[in-house]
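Using the hints, put the two chains back together into the complex; each one sits in its own frame.
Protein sequence lines, in the order shown, are assigned to chains A and B. Our numbering applies: residue 1 is where the first sequence begins, and numbers increase by one. Our numbering applies: residue 1001 is where the second sequence begins, and numbers increase by one.
Since the hints were made in silico from the structure, they are not lab data. Predicted, not measured: the structure shown is a model, and the values here were computed from it. Among the hints, a few may not be true.
As the list claims (entries may be wrong) - Here are the simulated DSSO-like cross-link-like pairs (lysine-lysine), alpha carbons at most 30 Å apart as the crow flies:
| id | chain 1 | residue 1 | chain 2 | residue 2 |
| --- | --- | --- | --- | --- |
| 1 | A | K202 | A | K215 |
| 2 | B | K1103 | B | K1447 |
| 3 | A | K168 | B | K1100 |
| 4 | A | K168 | B | K1355 |
| 5 | B | K1485 | A | K168 |
| 6 | A | K338 | A | K551 |
| 7 | B | K1103 | A | K168 |
| 8 | B | K1355 | A | K323 |
| 9 | A | K202 | A | K406 |
| 10 | A | K547 | A | K331 |
| 11 | B | K1139 | A | K321 |
| 12 | A | K547 | A | K667 |
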Amino acid sequence: MLRSWVRNPIDTFVLERLESEGTTPSPEAARSTLIRRLYLDLIGLPPPPEALEAFLADHRPDAYERLVTHLLSSSHYGEKWARHWLDLARYADSDGYNDGPRPHAWRYRHWVIQALNGNLPFDQFTIQQMAGDLLPDATVEQRVATGFHRNTLTQRETGTDREEFRVKQIVDRANTVGAVWLGLTVGCAQCHDHKYDPITQKEYYRLYAFFNGDKEVNIEAPLPGEMGPYLQQSPEYQRRRRELLDQYPALALQPQWEARLLEAASTSEVDLIWTLAWRKVGWLFDGGQEILRLDPSQRTQKQKDQLSDYFVGAYNHVVDKGKYEELGLAKLKEELVKMRAEFPSLSEAQTLIPHSHPPTTHLHLRGDFRNPGIEVRPGTPAVLHPLLSQTAPTRLELAQWLVSKKNPLTARVTVNRMWQEFFGTGLVGTAGDFGVRGERPSHPKLLDWLATEFMSSGWNLKQMHRLIVESATYRQASKLRLDLQELDPANRLLARQTRLRLSAELIRDSVLAASNLLYPVVGGKSILPPLPKGLADLGHRFQGWEKSQGKDRYRRGLYVLAKRTAPYPQLMVFDAPDAQESCTRRERSTTALQALNLLNDPVFFEAAQALAIRLLQEESGDVQKRLEYGFQVCLAREPNSTETDRLLRYYEQQREILRQEPASIAKVLPLELIDKTDPASAAAWVGVSSVLLNLEEFITRE
Amino acid sequence: MNLQEFKQIQTRRHFLERCAGGLGMAALWNLLAQEGLAGRLQTELAQVNPLHPRAPHFPATAKNVIFLFMAGAPSQVDLFDPKPELKKWEGLPLPPSMTKDLKLAFIKPTAEIWASQREFRRYGECGMEFSDLLPHTAKCADDICMIRSMYTDQFNHHPGQLMFSCGAPLAGRPAMGSWITYGLGSESQNLPGFVVLSSGDPTHSGSKAWSNGFLPSSYQGVPFRSGGDPVLYLSNPEGISENSQRARLDVLRDLNQERFADAGDIEIASRIASYELAFRMQSAAPELLDLSQEPQEIQNLYGVNNQPDSYATARKTNSNQFAINCLLARRMVERGVRFVQVTHSSWDDHTELNKRLKSNCEMTDQPTAALLKDLKQRGLLEDTLVIWGGEFGRTPMVERSKVGAGDTRGRDHHPFAFTLWMAGGGIRGGQIVGQTDELGLNIQKDKIHVHDLHATILHCLGLDHEQLTYRYQGRDFRLTDVAGKVVHQLLV
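So that you can see chain B by itself, here it is in the shape it has in the complex (with noise of 0.2 Å):
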């Protein structure tokens, strides 16, 4: 646009608000059209919004990500990988030649061997093992790509909850749908491109896990909440009601114009563009959460009614939070979410393990199972990458670290060797990746680490871990730092 041609507009724009009493930003869009300048300011708007969607890098597999975040680490010894051997040794230590250099948060490495007490079963075509507290999972078996070699170097809760969910220890770095949403931008025209649900307990990482870090904050995880307002301030003040609010946009937008006009700051295109997307959330939102707009069986399938479990429910939690979680995932995944992180707490079992396991799988399993068959069913898993896991694993020593009656048995984090599993948008289903030895303390075979995970899931999305960087004092940053290989063997 030249000195010309912004004067034109500008006269012209006058004239008409003079003799139509004042025109909104549509009758702006249709005069810059008729000047041929609509596709231009478009473009340096498009420039403007952070949101805006973007080419990946190559073609991909997936267009979304729904990342259940078990934060607190599950046990992949009584839940994925079984361990018979561990019978054998019930009751002593490790051998001293396999607990040199294991560093443990709590307990000793001389620990005495603790054997899960879960029945397993093989399921599906595959023939993959799931414990008896997965019987929902289990039968999604042929959709699933089990990786029981994941380790990572953190073993506490909040480097190590960091490290999974922003691909460093340190706190004040991306969130992987931060990076992602930076990537690609958001489909979405009324719904934040990067959600956040949680249920079960408070997490260590806190808001850290959904952090945009340095990147703007047009790319940070927007909680959608359970109680009150599920977008904070996404209600209207008390009195002002939905045409008193459109009334208040519009005067807001017209006079924000009227200054666009004067200063030329893109910025003020910008900030309308904002208030437009912030009013569409208004009725976006609640629509989106509205889970009677299902039919019965979905919701069952989900289980978002089921009786509530008198152990959650002692520990002020609601056990069906994750179920609801679950579903408005598919929601939002329908409605152009990029990445949906859901976060179940606390799995840290390292006291009453048996007791606590199987609270969290009641209120997990059926919903995790409902969720790949409702998106498979929709044929929205083609294109949506599941992800399922926590932050380590736990040891297959036993932690007493706690007084009292009863089982108080519990297992210490252990970030050697735990298990992760994946489903959809290109991961090939129906198969087992990496072996742990005999007592499941150490990977044998295909380790994979939490950046070459993070890798190989920007690889499904079309984006190159190593070129979706972001400058940073002084320093180009990436989710994976300066590690991590994409692994083609979970790949279709």
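The shape of chain A in the complex, shown without the other chains (with noise of 0.2 Å):
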């Protein structure tokens, strides 16, 4: 046995296969592509050219352990790792379906940020997003937690049955967790029992019950420094409101409006216009219902205000457009908008709370909540352990029913993911379904092994994801061996690295950051980049899309605005996911689009241009430390000689070309930024940084 080779028990059980399979492990990766391989790996971000220097310099044992560290405690570690589990989140900032703006939805995202970064336990991770809302005396953070719940499609097209849809979050929900904690297709028994795994139909709707009884709640969660400047402000916003309402007799017509509204909701008669209005309440207004109903002295400030709003925006519901334009109330609408921007206000974020009058749950025969069976109580699949209060359980049970240590499929669920992330496929391929149609592990007792490490860790995500990164096996080089062609052409044996085309937001992070554009604040709302003119014009519902301005729009691709049926370009064509149900596995297409979207795309091509002039500033030298220099900050290496070569010859051509057009020259490069007297060398530049970032390599992880 190579006992060399092995750096940590992870080893032992790779190299116990591959001699089993009679063969070897790989050499390590070159320290420059280890480097890239971490940085990319546990930041998503490449290595600055300072950093490799010091690396490449550092001859110390542990030098590879101290990057490892320096890392973990990254700031871009818990933007890198947020990403993962959003996926599994369905994270996004529309509703689905008819699509209207989700502004509060940032604030989970926010929070799973900080809370990969604070290395929060997994079993707290868990708990605190399955049933925050439930802890004894929860924080508002842990509150915020419960937004993983909110991140459902919500349905509001006019017309719709409200129960179907709240039916179909409820299952949505119940999916997710089979999905993510259990890595079980649960699905599959909302119609039937499950024709492959242990799960009864019955089972699925006591799963499906835990979730039934739950209330949608937009709270106030602040974030640090918001709060003073909010409250110093509130009595003069309040005044300032006041006035302005006082300015549109309209608003007398509110009360007659409610009232009418009540009557509509609470008689069988139909009268078309005002029925509707009160069922678009329910489609339109979350909660709006509710306070309508509640009697006017017990709704609080903020309620009437919700009201008041609702009937300025919402009065042409039952009055014809002419009269709805005479009252005034369009520009009310608008004005109350504008002002309500001057003032400070506090973030709000969506969370879920339990009904105080849960439903009864049924069984929905055939899948069809029109055609109820048998009343189910909430529950766990016979075949797993059981839960541990059996009368009354909450999300609260079920959250921790999930983390328990009996509990024999989460943890190698999770671990799996990870060793997903960091060799491209996971122990067991498939990462979604670790039920009977799923594949084997390739390596059970590696899994088992984990998992247990990770429980007995206290569910440590940094010490797991250290422990992995620090083996011998993720250490290996990722070039293609022609011995392993036959034996193991999807390197499942894992004798050596897989090459991994890098996800759709770190080739945008990338990007930014070998150009130095980045603009690298953690946390925060979500942006709008530029988009191409017309996007908007036929049906692609980028309306409304005001782009970021200044810096912000060159954050991290994490931070791109999530709308449903609109999703950024560049983030599609790169195979991020849709955030219709939860994603546990991303493909890794290769399209022509995508060779458009790197070459043509205008954020691209400003970065090239800003990697030109990055080039011309920080290395004065000559032609070939320049391009040297380029290799540095895309690739992480030196290039060899074909390609110092072949990237000259390029170099040489591109500036013929500019001085044969000189038109082009200032459209390549505006020349205040460069040294005026040779501009189509400098322009030149501009073709070369983007070579570079249009690589194959360059988008890839070795």
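Okay, here's the thing in structure tokens:
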């Protein structure tokens, strides 16, 4: 046995399998490859040249481990790993279906980043998201965590059956728990007993029942620094608001409007206008029907404000357009929005709380909610360990059950997904399906050992990440080995590392980082990068995409607004998930649209310009030195002589083309930024930079 | 390829490069051919190229599809399925026996009956009926197979449109065009296999109607846009000439090849091929879109230069966009595009139905008929399947949800019985399939579910809808879910 190769127990398991197949591991990758691999895998950014230089010069025996420690404590670590979790959480900034905006969704993403940076143990991470609201003396942050469940789609299309889509949300919540923690496709049992796995339809609806009694509420969830200014200016805001409203006599119509709506709600007589207007309150204004039903004296100030805002915006449901405009309500609506924006506000978060009178849950025959079967109570599948409390278990008990040490699945499913991120494929290749129809693990004992280790570490995510990246298995070269072509074409034996195309977000991040454009602030609201003209024209639903100003447009990919029916093109084209349901594994495709995107997207071309300027400014030496520096920045390595020669030839060719097309020069590179004595030479660097940013190697983790 | 062979190639390759100062992909291929390995690498590349053409399960009657998706749901009562009986009942509510279990989106089942104000006439040898709003399409009656007995389970737009275009009411499933390019690959060497063209208002389903869902994104529908670049990022950045772009691609190819020789990852070869396709698309797409290549009589046939429709103009839509899109669809099919989805939206006439329906028909009737005629005269209709329809139909009862002057009457969503038509690609034209009751409320004969429609479309393309599967999260998924049967009655 190659004892000397083994660095930690992971390697023992891998080596055992390799030896039984009569083969050997690959040598360790070059140090320059290792640092780039670690940077991309742990924080999702390429190493800056200074870091590369320092690492290559660091000959201490634990230089690699020190680098791991440094990266695990970076605040960008949480950004990189939040994105994986957000795939599972089907995170988006819009409702889906008709796709109204969710201006508060980002607050949950912010929580995930902070939780991962703080290394919140995975059992707590689970409990807070599943049932943070039910913890004793729940903090605001614990309640924000339940935003996990709020990422389900919301149907606000008028004319829909509210119950049908509420049921769909609950189904999605149950299915997501199945996929994310149990690695089971429980959704199959929605209509019938699971064909392959031991989950009956009744058990499915017992899982469903945990979520059936919940209510969606948005809460104030201020970030540090928000509360003071808000409280200070609140009275002034109320005064100005009152003043504004008083200028509009139409507000006097509100009590009568409320009365007619309530009347329409309480009778079976159909008055198409008012009945529909009442139903629209249900579709468009969360909690609005409840507020209307409250006696005005019992409404909070916030509820009063919300209701009068809704009245102002929705009175046109009951009067024609001319009348609505005559009353000036359209104008008032605008002014209210404008005034609100002038005052400090508190961040809000989407959360879940238990309903005071939860409905009973019935099995849905053939999965049809209109066809209720026997009554079921919350419970977990009999094939797994029992719940602690059997009497009236809540989401909290379900959460504790998920992370119980008796649960054989949660830890395995979680470490398997980690493995997938570090090696491209999990030990179980079907990360979303650990059931009978899923793949058998390639290294069953390794999977068991990692799962046990994860639990005994106190569910310590960073410690597990360290364990994996410090293994000799992870540190192998990724170079294809022809002797393995027949034996193991898919590299499941792990006799080498795997080359992996970067994710959509990481491609954006790497391009911005290499060009020094990246605005690396962590957390906060979503951003809207510029879009090409005309994208909003034809039903692409980009209306209202007001691009972010200033440096915000250079933030990382995970902050790009996720509008479900109009995903940001660069993310969609590189296989980012569509957030319709939990995504446990991304595809990695190779398409011509990706090539066009990297070559011609103005965001990427701007990056090529910025990289050219960076090379011109930071490396004042000769052309070859600059090329070498460009390689370091983009690929963290030196070019070989073939590469240098070819790029030099291209550089000269490019300079020649530009000299022949002098009008192009200023378009390729804004002249005020460069040395004017030889603008064609300077502009030729934009071409070189663009080539570097388009290299297959640049968008690949080797 | 074994290690020795690979090493030999590398050595020869480096030798050639040093002598010739660097050779392109062509030289590499030649070299491989000499070694007798080009075929092998070609096969390997084809395996990694998801759009490589593939044989169908059995002989096909259609090679391509043009899917004219009338989003919003056109009114079958006013276009295809005349119901003179409605006049007798005009203004009365439906009898309670008929309204039991009837669930509608906006109106109550007791809303009064509203007869169509359209005139219907019989056309063609088959005597198929069309309303006066469709004089052009009517002339193609003998090529059209009209299905008056379509139904779906969804009565709201978003789920209905997804059901219709992706076979499931949930977003996240692959669209029909994605399934078909997944099944058959693409015949085009320089255009995407699945293209989307749109006109009219934004649709409810947005990009989900051409999503690849859980299939690899190679099968995603590629929207061709009417403004700006037809394909996103098709044009070079400002200041980059074609010369300059070619030089950029040449150096990229050479450097990527250098990496390929070292790392040996077939993904690199696939990436090189994707850049070459992108470059070919950069010239092929503008050529495709250049309608000035079409003779004047063809342009006039489609009506691409018709006078703008004032109602459409008021809604800020180009009333000739659908005509342009139909002509483009023909040009795409000629160039080997597998699936063209031409969406026109919106037919969602809850109010002002008479006015809005007329406007939509004026924009779409002539181009639709022109497409059928033009495909036919070029011999393309034989293997091109054309489908015209929306996600559901509209009620024979009136909807009065708009306050205001003038005729504001409209019709609500009606998923229980609606009309759709197909032509070409192995479909038997000149026949009417299915029948609705005298009020047009329910189907009386030959019910055809959306799943059955999908099964039949796949059948025309030589694909067995039960065999065209993709494993995702532990289950084999199909376009037709767990249902659908081929409707042989529709076929030649």
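Hint by hint, here is what the structure shows:
1. A:K202 - A:K215: holds, 23 Å
2. B:K1103 - B:K1447: holds, 19 Å
3. A:K168 - B:K1100: Holds, because 25 Å separates the two Cα atoms, which is no more than 30 Å.
4. A:K168 - B:K1355: This hinted pair is violated, its Cα atoms lying about 37 Å apart.
5. B:K1485 - A:K168: holds, 27 Å
6. A:K338 - A:K551: holds, 24 Å
7. B:K1103 - A:K168: holds, 18 Å
8. B:K1355 - A:K323: holds, 23 Å
9. A:K202 - A:K406: Roughly 23 Å separates the two Cα atoms, so the pair holds.
10. A:K547 - A:K331: The given pair, whose Cα atoms are some 24 Å apart, holds under the 30 Å limit.
11. B:K1139 - A:K321: violated, 41 Å
12. A:K547 - A:K667: holds, 23 Å
The structure is inconsistent with the numbered hints 4, 11, although it conforms to all the rest.
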